[in-house]
Structures are given as C-alpha cells and as structure tokens.
Amino acid sequence: MSDTSVFLWINGLSGVRVIDEFFKGIANDYFALITACLILVWMWFGTRDISQREKNQKTVFIAMISIGIVGAFMGIINHYYFRLRPFNVIPSGSINLLFYRPTDSSFPSNIAAVMFAIVTPVIIRNRKYGYWLLALAVLVSFGRVYMGVHYPLDVLGGAVLGILNGILCLGIGWAFNWLMNILLKIFRFFNIA
Amino acid sequence: MFTLLGLKYAAMVFVADVGVLQAAAAYNNLRGMLFFKRILHAYIFAGMAVVAPLVIFFIWDYLFAIGEIQGSQQAGLFFFTAAAAIIFTMVVSSLVNIKLKSDRTTQLTGLDGLREGTFFHNIRERITRKH
Chain A
9 MSDTSVFLWI NGLSGVRVID EFFKGIANDY FALITACLIL VWMWFGTRDI SQREKNQKTV
69 FIAMISIGIV GAFMGIINHY YFRLRPFNVI PSGSINLLFY RPTDSSFPSN IAAVMFAIVT
129 PVIIRNRKYG YWLLALAVLV SFGRVYMGVH YPLDVLGGAV LGILNGILCL GIGWAFNWLM
189 NILLKIFRFF NIA
Chain B
138 MFTLLGLKYA AMVFVADVGV LQAAAAYNNL RGMLFFKRIL HAYIFAGMAV VAPLVIFFIW
198 DYLFAIGEIQ GSQQAGLFFF TAAAAIIFTM VVSSLVNIKL KSDRTTQLTG LDGLREGTFF
258 HNIRERITRK H
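Protein sequences appear in the order of chains A and B. At position 89 of the first sequence the residue is numbered 97 (this note's numbering), and the sequence of numbers has no breaks. At position 19 of the second sequence the residue is numbered 156 (this note's numbering), and the sequence of numbers has no breaks.
Chain B on its own, in the form it takes in the complex (with noise of 0.2 Å):
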C-alpha cells in the first residue's frame, strides 16, 4: 500500500480532500473550519485543491505508466487519507481561527456548533463546561 505510487495517490486525494472540506465550510458558512477569513479566498482555494489533483488523475496513465493500486488498496487509503484530511482540517483551522470571537448562540455539537467555534475551542468549552 504504501509503495512510491501509492504515495503520490494518498498526497493527491488528501489535498482534494481539504478542498471539498473547505469548500463544504464555505458553502455551511462554518468560519471555525475555514483556513480563510474571507469566503471568496475559500472557495478558490477549495476549487484550485480539488481541481488540480481531479486533472492529476484523469492522465494518471500518461504522467505515472507503469504500476497499478488495487481496488481495495485505493478503499484504504482513501479512507486513510480523507481521515487525515479531517484531522489536518481540525488542526489548521482551530490554530488559524484562535483568536475567532464566540458570541454563542448555537449549538455546541455538530457541524453546527463549527460557525462560531473551531474543533479546539468547542472541546474545550465542553471540558470546562463539565468541571
């Protein structure tokens, strides 16, 4: 699974990942998620993040000939790697939106819960919550 080829299948779809999670943030208006302040600079980025790796495997043939993943090898690490996407998202917007202000008037859990708090803040305010 993890051979040369498919690492550069894993670096493809982990960056088409974050784009569609950037671009589903933008279009949810979920400012916690966004790696942007401004929406517009969201979906550029999501559509130039998505694009370019869809570009990428549709001359897969042409640009890496020889070798071939398995289905059930691309299952895995697609999955692995949207994982990771999740993870990276969570990570990079919650440091990004550090210092997002938190009028709540929403929810806590679910996507939801992301339009006036990023992952860390929504944890924490649920630990601190409970002490």
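For reference, chain A alone in the conformation it holds in the complex (with noise of 0.2 Å):
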C-alpha cells in the first residue's frame, strides 16, 4: 500500500458534513497548538501538590524547550528537502481539498511535529495530562490527511520527529535540572511558580 493509496482512503473519508467541520476546527493552524500551550499553563499554576507542581513546572520548561528546537529541526528539513502537497500532485477530481492551499513542504507536517514535541515529555513525565495531548495530537494528525494537505508518511515523519526531539528534550532537561531550580526559585520569589 503506498503512500498516496493510503492518503486517498482517508481522504476520501470525508464528505460528511458534521464530520468534516469537526476536523476543520481541531486541525486548522491555531485550536490544537493553543489548547496545547494552555494544559502547560494549567499544569504550571494549577497543581495544588507543591512536589508534583515543581514536578510539572519543570515539564512545562522542557516543553518550551522542545517547541523551541523542533521548530529549527523543522527549518534545517525544509532548506534541504521539499515535498509537493497531494493536492499539487493528484488531479483535483480525486481529492476533497477541506483547507486552504499551504506553501511550503509537505514533508514533515510541522503541526504534528510540534504537537508530538509538546506530548512527548509530558506524557512521560506526567500522564495524567500526556493522555490528553496525545488524543489531541492524534486527531491533529489524522485531519490534516483527511482535509488533503498532508500525506500519511508527512505526518507519520513529523510526528517521529517530534518524539525524537522530545526524547532529547528530556536529556536536555535532565542535563540542566539545577537551571531549571535557580529558575523556579526566582520565580518562586515573584509568586509565580
């Protein structure tokens, strides 16, 4: 089964109202990303346990983190390698285009790339809130294929990518524990952590 057979099945799973207006919302540039930044802010100043807030606190710092370099992985990526949209390639008859036309690389999917960047540490380190991501960043995914911006392996690569970087956020953060400590006690002192 190749790539665009596969793009072609999901795709051409749209085409129900209702269905279609769902994906339309939840995986345009803007709600996922934002719901996203707002569960760390949540998890920043709305954990009552003081050990498991420093805990988050120091999740939600490494997940700034992993936003932060997955957007230059991203950018070495697409300097280097460009790959044309589905619907730049498949005659129109044969996809149902449910989202304006982007520009630039279809390989990797930035928002499942930045999506997957967020979930990785957080579901590592907190499940609770991880469990949530992921079902947001799984939904992201899966729509941008289903309204025909994305192939599968587009978001399939941009989602691998972003675990990796979340994975080594992670070791970034562990490396650098004691800055995030004198961090947390400046803003302990400001009553804001």
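These aren't lab readings, by the way, just hints derived from the structure by calculation. Because the structure is a prediction, the values reported are computed rather than measured. Check the hints yourself; a few may be wrong.
Simulated DEER-style distance windows between Cβ atoms [claimed, not checked]:
id: 1; chain 1: B; residue 1: GLN207; chain 2: A; residue 2: VAL168; range: 34 to 44 Å
id: 2; chain 1: B; residue 1: TYR199; chain 2: A; residue 2: ALA143; range: 20 to 30 Å
id: 3; chain 1: B; residue 1: GLY184; chain 2: A; residue 2: ARG25; range: 40 to 50 Å
id: 4; chain 1: B; residue 1: TYR180; chain 2: A; residue 2: LYS136; range: 16 to 26 Å
Idealized CB from N, CA, C, for every residue including glycine.
Starting from two chains that each stand alone, build the complex the way the hints lay out.
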C-alpha cells in the first residue's frame, strides 16, 4: 500500500458535513496548538500538590524547549528537502480539499512535529495531561490527511521527529535540572511558580 | 508578527490565558490572585474567558480567511501574550484584593504565598522585613 493510496483512502472518508467541520476546526493552524499551550499554563499554575507542581513546572520548561528545538529542526529539513502537497500532485477531481493551499513543504508535517514535541515530555512525566495532549495530537495529525493537505507519511514523519526531539529535550532537562531549579526559585520569589 | 491578524490572535490568547489563570487560582484557593471575592464567580469568568477564544480559534478559518501566522510567530506571540496575561493578573488581583486581610501563617514565596496575600503584599512584606 503506497503513501498515496492510504492518503486517498483517508481523504475519501470526508464528505460528511459534521465530521468535516469538526476536523476543519480541530486541525486548523491554531486551535490544537493553543489548547496544548493552555494545558501547559494550567499544569504550571493549577497543580495543588507542591512536589507535583514542581515536577509539572519542570515539564513545562522541557516542553517549551522542545517547541523551540523542533522548530529549528523543521527549518533545517525544509531548507534541504521539499515535497509537494497532495493537491499539487493528485488531480483535483480525485481529492477533497477542506483546507487552504499551504505553499511550504508537505514533509514533515509541522503541526504534527510540534504537537508530538509537546506530548512526549508531558506523557513521560505526567500521564494524566499527557493522554489528553496525545489524543489532541492524534486527531490533528489524522485531520491533516483527512482534509487533504498532508500525506500519511508527512504526519508520521512529523510525529517521529517530534517524539525524538521530545526525548532529546528530556535529556537536556535532566542535564540542566540545576538551571531549572534556579529559575523556579526566581519565579517563586515573585509568587509565579 | 504585529499584523492585524497577529493582534487578533494575541488578544484571543491573552483572554484565554487570563481565564486559565483565574481557574487555577480558584482551584488552588489562591485568594490573592483572584479577581472576584466568590470562587463561583471566578469559575464562571474563567469558563467564559477560556471557552469563547477557543470557539473563535475553532472557527478561525471562517472568521479570518486571509492570512496565516507562521508556527514560530505563534510560539513567540503565545510566549509574550502569556507573560502579559500573568503581569495583568498580578496587577489587577493586587488592586482588587488590596484590603485582603493577611493573618499570615503560610510562606511568602511560591504560589502558596497567594493564599493569604497578593503579589504586591508579598513583595512589599519581603522588602520591609529585610530593612
């Protein structure tokens, strides 16, 4: 089964108005990313238990680093590799495009990479929030193929990049735990941690 | 970054951030961080402040069809807007709770310091204690 045939099968599922509108909303450029970031804000401020709060706040630090680094990785990949979007290759009669026509590279999916870069450190350090974020990331990734803007391998590549990047950032967090402790002390002085 | 579209995005994120901060303050009983005397009012405000922008982000492509904010710009805007929301919350909650009685039994630092005092109370107390 080729990437294109899986794409055509998933994209072919579209056409039911309610489901189409659901994916157009959840997998647009903003909704999922904002929701994920708001969950991170809640993790920072909304934890009652002090020791768990500190762990969650360090997780937020790591997730923020992860967002920054995965952005750099994607910039490098996009500089050296360009893949045309499905709507640029497949005849318009065979595809149901529910989104605007992005002009950047199809591979890797930026939103899948960023979402999984957030999910990975969170799910490893806090299952409860991690599962919510994972559900969101999976929906967005599937939604991008469903809407006709990515091939399945694009979102799979983005997800793998995000996961590897998240693991890397957990290592960075472990190495710079002392720095996070100093930053948390400063934030605690101002009552914001 | 500071296009009209960017400003609309930042405004929505700002409102949602303030809502999450109020929800967290209500959930943790951080009286010094609340805008309202009653916890229920804080939850109602937080619910509206979070849900309304999320609905707008959900239907964003229908409301603002032209233009796109790049991922890196989004990250930058979100970071600055979240910082602004925190500062806004610090200032407003400190002013609203200026008469909050502080029979302090807890620590001054950290979020727990906001159970019995505001941001400004705590900073002032820390400065006056040192001198």
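* **CB-CB spacing for A/VAL168 and B/GLN207 relative to the 34 to 44 Å hint** => Distance hint for B/GLN207, A/VAL168 is violated at roughly 22 Å.
**Cβ distance range 20 to 30 Å for B/TYR199 and A/ALA143, holds or violated** = holds (24 Å)
(Q) Given a hint of 40 to 50 Å, does the C-beta separation of B/GLY184 and A/ARG25 actually sit inside it? (A) violated (28 Å)
Do the Cβ positions of B/TYR180 and A/LYS136 conform to the proposed distance bound of 16 to 26 Å?
-> Given about 20 Å between the Cβ atoms, the range holds.
Hint check: violations occur at hints 1 and 3; the rest are consistent with the structure.
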